[in-house]
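Novice: This is what each chain is made of:
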Amino acid sequence: MTGSYAVLESLKAEGVDTIFGYPGGAIIPIYDALYDYSEIFNHILVRHEQAAAHAAEGYARVSGKPGVVFVTSGPGATNTITGIADAMMDSTPIIVISAQVASPFLGTDAFQETDLLGLTQPITKWSYQIRKAEDIPDAIARAFYIACNGRPGPVVLDITKDALLNTLDYQYKKCDSIRSYIPDPEPEEEDIEQAACIINSAQKPLAVIGQGVLLAHAEEEVKSLLEKAQIPVASTLLGLSALPSDYPLYKGMVGMHGNLGPNFKTNECDVLIAIGMRFSDRVTGNLKTYAKQAKVIHFDIDPSEIGKNVVPTLGVLGNVKETIPLVTEKVKKASHDEWIASFAPLEKREYEHVYVKEVEPSQGPLHMGEVVRHVSDLAGRDAVLVTDVGQNQMMGSRYFRFGKTRSNITSGGLGTMGYGIPAALGAKIGAPERRVCLFLGDGGLQMTLEEFGTIMQDSIGVKIILLNNNKLGMVRQWQELFNHQRYSFTDMANPDFCKIAEAYGIRTARVERREDLDKTIQDMFSDDKAFLLVAECEQMGMVYPMTPAGANVTDVMLEK
Amino acid sequence: MENNNKTLYTITVFSENRVGLLNQITIILNRRQLNIETLSVSPSALKGIHKFTITTYSDHETIEKVVKQIDKRIDILKAYYNTDDELVYQEIALYKIATKHILEKGSIESLIRDHDITVLEITDNAVVFQKTGLYDETQKLFEDLSKTVGVLQFIRSGRVAITRSKVERLSDMLAEREKSIARRKNNQTVKDTTLTD
Chain A
212 MTGSYAVLES LKAEGVDTIF GYPGGAIIPI YDALYDYSEI FNHILVRHEQ AAAHAAEGYA
272 RVSGKPGVVF VTSGPGATNT ITGIADAMMD STPIIVISAQ VASPFLGTDA FQETDLLGLT
332 QPITKWSYQI RKAEDIPDAI ARAFYIACNG RPGPVVLDIT KDALLNTLDY QYKKCDSIRS
392 YIPDPEPEEE DIEQAACIIN SAQKPLAVIG QGVLLAHAEE EVKSLLEKAQ IPVASTLLGL
452 SALPSDYPLY KGMVGMHGNL GPNFKTNECD VLIAIGMRFS DRVTGNLKTY AKQAKVIHFD
512 IDPSEIGKNV VPTLGVLGNV KETIPLVTEK VKKASHDEWI ASFAPLEKRE YEHVYVKEVE
572 PSQGPLHMGE VVRHVSDLAG RDAVLVTDVG QNQMMGSRYF RFGKTRSNIT SGGLGTMGYG
632 IPAALGAKIG APERRVCLFL GDGGLQMTLE EFGTIMQDSI GVKIILLNNN KLGMVRQWQE
692 LFNHQRYSFT DMANPDFCKI AEAYGIRTAR VERREDLDKT IQDMFSDDKA FLLVAECEQM
752 GMVYPMTPAG ANVTDVMLEK
Chain B
4 MENNNKTLYT ITVFSENRVG LLNQITIILN RRQLNIETLS VSPSALKGIH KFTITTYSDH
64 ETIEKVVKQI DKRIDILKAY YNTDDELVYQ EIALYKIATK HILEKGSIES LIRDHDITVL
124 EITDNAVVFQ KTGLYDETQK LFEDLSKTVG VLQFIRSGRV AITRSKVERL SDMLAEREKS
184 IARRKNNQTV KDTTLTD
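Taken in sequence, the protein lines are chains A and B. Each residue of the first sequence is one higher than the one before, starting from 212 at the first, in the numbering used here. Each residue of the second sequence is one higher than the one before, starting from 4 at the first, in the numbering used here.
Quick caveat, the hints were computed from the structure, so don't treat them as lab data. Keep in mind it's a predicted model, so treat the numbers as computed, not measured. Hints are not guaranteed to be accurate.
Heads up, simulated BS3-like pairs for lysine-lysine below, C-alpha to C-alpha not over 30 Å straight-line [to be verified]:
1) B/Lys188 / A/Lys506
2) B/Lys50 / A/Lys384
3) A/Lys499 / B/Lys68
4) A/Lys499 / B/Lys75
5) A/Lys541 / A/Lys519
6) B/Lys71 / A/Lys519
7) B/Lys182 / A/Lys541
8) A/Lys384 / B/Lys188
9) B/Lys81 / A/Lys519
For reference, chain A alone in the conformation it holds in the complex:
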């Protein structure tokens, strides 16, 4: 068979059912073969290659399966770079298969040639160029193994056109190990022992979970530990939904716009148990004052994360699915009632100063938080939250209520505006039975607006809620707080978004008045088709609480 058929057979062998892609000159041979595989693969034709990568991310994050992307050489390939970098930062398994000019033309500046390997090496877990048809099955097997095992991440396979056209004896063998790569380091007995000992000695323990818990499917294991030792727990942005929002020990989100309780308690606890998170600067603020009073135990699968930002008292290397139960076994039952109760005054303070104004205002324009909460309440516990980047993202993360794991899809590390629409359509394809609610701003919407075409063509039933303030809200917020209200290029003259949706055949409504909110949302949820809800929001809205960049986690601004 030809290399192109080998690509598709290999994907089939890996259980791939969905491909996000865009054809072009060099990749025509794969698309020609794809013509014969329409029963096996659901190929989603995006409108821009960046969207293919983000859609693959959304698909992977919601389903736990790797997302697959097809793009052509040159611009097709370079357009995926933002998505690849995003997947790298957020440990999302995607496999980008790009065609390349025929191997005799490599290095000659041939039409649509670009050095994709050189471009993507810093932002991929692995990247590889295939120049011979016979190398295709093994390289694809390795790509899947690498993308999905250990700490997941993006893989790029750059396949020359001649490799796609030449023939090979096809045989597929799944990859089950690579000698130069240890995906799951073996837990060290001594570390487990010591971790249990530190946890047993704690009077005021605090756990912070990250996406590692979701990636390892270790939600239940983590719960067992927390419940046995009665440890209050917070989540990073990417750890959201690993535990339900109403989980009794759950105390909210840490970080720049996180909850007061966990942020303050970070600097009061005596033991900080970090599970599958990476101490991002958006979580820690000023590292010099971060959790200095606490013994820090850092559970992570990636050796290079341990000690990278916070030097822990103890690093426990390994897959948290394995290490956490081993520790739980050795941890004694405990209760920390007084400590857990001490979160309440902080929660009350946040409720009074922030929540009431944002979520339950009685007059003035709509607030973003209020829209999020109303949508969340009507969407049900099974719904998936997708956010773009900016105020919409923080409001979504703060006020959406999660009932089920793998329900939070956002661009955390890279902070990619324009992520929302493609990630949401990918998520809907990855979880067709679930309601997918995308919150985004007028800025992010216009960065990948072209994907309304994809939503139309494939009838993808995403619920898009535009929190419109006709501003680049988060930058405007910073300008107001830190740049003397010098609003430099954060005003937007916007089109009639409803008319755009109508042009694509997407149902749409605009809501401005509080009393119309619920019935408009109910209308949105009355079917499973795509919907654009334009919520006209307070223009000068702010996201509070806020810990300014680089400040101590306790230096929180609650209001103007």
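Since the structure of chain A is already known, use the hints to place chain B on it.
Specialist: Leaving out everything else, chain B in the frame of chain A:
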């Protein structure tokens, strides 16, 4: 060696012999603004495995993190770092000098003896000396020659180094890794069976 409170570290990297490995390593050094002082790459004692020896000035915290990042790359088998006191190391330098300048100087016997020079080639036009030694030694000879007879061309290799403490047990490490992979697979099979039961 010290430089602005920074120590000269030698990074040793064992990798699969794949295209683009050096690029992957230098990207990581670049991100932390570490400048490569010397670099040498060659096949290692084990077939198919390449060894990179890189020297760079760094503080301890940075070098530790950077080496972990290098070690993390998929095609890299092992990366570690050492300070000079943990290593036996050597560099090689070649010096080309005009023959007539040497003849004008008369005897070069003491020069050759003092610096332990090997003569690689003599032609009517030029003589090529070779010296192996530490950086300071090859540098000293360069300076001495420059002052007395002049140097037409000068080249110094990257450092090659061997650790003082241990035998290079890469093959042992690989064998241990194979065992670990097998052990993990067995565990996995046990787990899978338990699940299906």
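Novice: Hint by hint, where does the structure go against what was stated? Just the numbers, ascending.
Specialist: When the structure is compared with the hints, only number 1 turns out to be violated.
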